[in-house]
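Asker: The residues making up each chain are set out below.
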Amino acid sequence: MSNDLVDMLSKATVETLYMVGLTTLIGLLIGFPLGVLLVVSDKGNIISLPKLNKVLGSIINVIRSLPEIILIIILLPLARIIVGTTLGTNAAIVSLSIGSAPFLARIIENSLKEVTHGKIEAALAVGASPFQIIAKVLIPEALPSLVRGITIGIISIVGFTAIAGAIGAGGLGSTAIRFGYQRFRTDILFATVVVLVILVQLLQFTGDHIAKFINKKRYKIE
Amino acid sequence: MIKINNLSKTFNTPYGNIEVLKDINLEIEKGDIFGIIGFSGAGKSTLVRCMNRLEEPDSGKIFIGNKEITALGKKELRDARKKIGMIFQQFNLFDSRTVFDNISFSLEVAGYKKEKIKKRVDEILELVELEDKRNAYPLQLSGGQKQRVGIARALANNPDVLLSDEATSALDPQTTYSILELLKNINKKLNLTIVLITHELDVLRYSSNNMAVLEQGRIVERGATESLFLNPKSDTAKRFISITNDFQKARGWSGGDII
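For the protein sequence lines, the chains are G and L, in the order given. If you use my numbering, the first sequence corresponds to residues 1 to 222, in order. If you use my numbering, the second sequence corresponds to residues 1001 to 1259, in order.
Honestly, the hints are just simulated from the structure, not real lab data. Bear in mind the structure is a predicted one, so any value in this text is a computation, not a measurement. The beta carbon of each residue, even a glycine, is placed where N, CA and C say it ideally should be. You can take every hint at face value.
Each computed PhoX-like pair below joins lysine-lysine, with the alpha-carbon atoms no more than 20 angstroms apart:
| id | chain 1 | residue 1 | chain 2 | residue 2 |
| --- | --- | --- | --- | --- |
| 1 | G | K113 | G | K43 |
| 2 | L | K1074 | G | K43 |
| 3 | L | K1116 | L | K1083 |
| 4 | L | K1083 | L | K1189 |
| 5 | L | K1082 | L | K1119 |
| 6 | L | K1119 | L | K1189 |
| 7 | L | K1119 | L | K1083 |
| 8 | L | K1238 | L | K1249 |
| 9 | L | K1113 | L | K1082 |
| 10 | L | K1061 | L | K1083 |
| 11 | G | K136 | L | K1082 |
| 12 | L | K1075 | G | K136 |
| 13 | L | K1030 | L | K1189 |
| 14 | L | K1082 | L | K1067 |
| 15 | L | K1114 | G | K136 |
| 16 | L | K1030 | L | K1188 |
| 17 | L | K1067 | L | K1003 |
| 18 | L | K1113 | G | K136 |
| 19 | L | K1067 | L | K1030 |
| 20 | G | K216 | L | K1133 |
| 21 | L | K1083 | L | K1003 |
| 22 | L | K1118 | G | K136 |
| 23 | L | K1133 | G | K217 |
| 24 | L | K1030 | L | K1003 |
Computed list of chain L residues with no C-beta within reach of chain G, every gap over 10 angstroms:
| id | residue |
| --- | --- |
| 25 | P1014 |
| 26 | E1029 |
| 27 | S1059 |
| 28 | L1171 |
| 29 | K1238 |
| 30 | I1241 |
Excised from the complex, chain G in its bound form (with noise of 0.2 angstroms):
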């Protein structure tokens, strides 16, 4: 493997963590409300909102039902207005945190609803209020499978950058389209796999060790 190569793979790598990594941080910090938004407006729930409910699952459905290349150039606009262009990693990161968020919240919501109700009575019972009951049992009763849901979550952010690569957003993505794919560089497109292979390995092997030490602290026979 030439220099030329290493140099080229690792730039587009650590712009690929870099994507990955705020659009984690910004998806999470739209979807994770939103997430528990949906389960406690639930009807019966702490917070019960049926119709703030429903309007706000329609409005995700709908997100989620656009093609990801079609969500990020509709919301190409968007990135024009935050950061003043349409190109390059940081616009692409607008598209790719709003699109990802919907789906990092039905996540969120699908893990916190695995907590049993008659937790959230027990806690009712001795008067906590709602938001005692999200910080102090729902969000901790769903811990492992909130780690788990968001380890899925991030890999699937790790393909969704590589689909932005289609329009100019730089990491492994764009170089195996440009390089790998239009130059005819079989080669690189190869390298860009094994690189993306790795990561994703990497995401889901430290996401089920988290997971697996949680439950294990909890299970533990002494």
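Given chain G, work out where chain L should sit, using these hints.
Answerer: Frame of chain G; chain L shown alone:
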């Protein structure tokens, strides 16, 4: 201590409306262990869940102490609940918290300071005899130990009333006995009013002073537990007693072992 006037509750289900509680009137004295028995679907769980409004009654009034529970707003209801403990058939402990932290939950919610929480949790751990399990997680405990934690969590904030929703129904007879023993002890020590919901007659025979029999959402009989056993009037009470006796006979026939 607890007074219920004309309480009614209907569930609207896709299969039609089900009247679960019909015009319930009940009075429970302070310091009493009051049992409510009924077959499945009689409405006993709904009745006890109305007392802290985990279930909202449709009509009627509930008083606990001098508070009208049914008239409270959200915030006031939360404050009232801090003084009404509740234990559950499925324990409903928090798996993410140790025994100590499960018990401290009620105190955190009530806004106690750390120092005070520690002191109180230590006291209550001693009361339920779980001092050696303070750092264990619920998933590491037996059913009986889990219910002891449930009781401790319910009692941590010194409630005036303890509501028990089938708290022994998931436990074996020996563990049931030890949990009832604990409840009787606490009742004596703290003069705590306890409302016990159960479908096991033996539970009430062993622990309650007074009881009511619930049938299809109505109270069909009430009185001192002892006299109700000696002289049951309602069909449901008679059926309960005869079924329990049959089981005892069956046990006798098999030489005391379970076949």
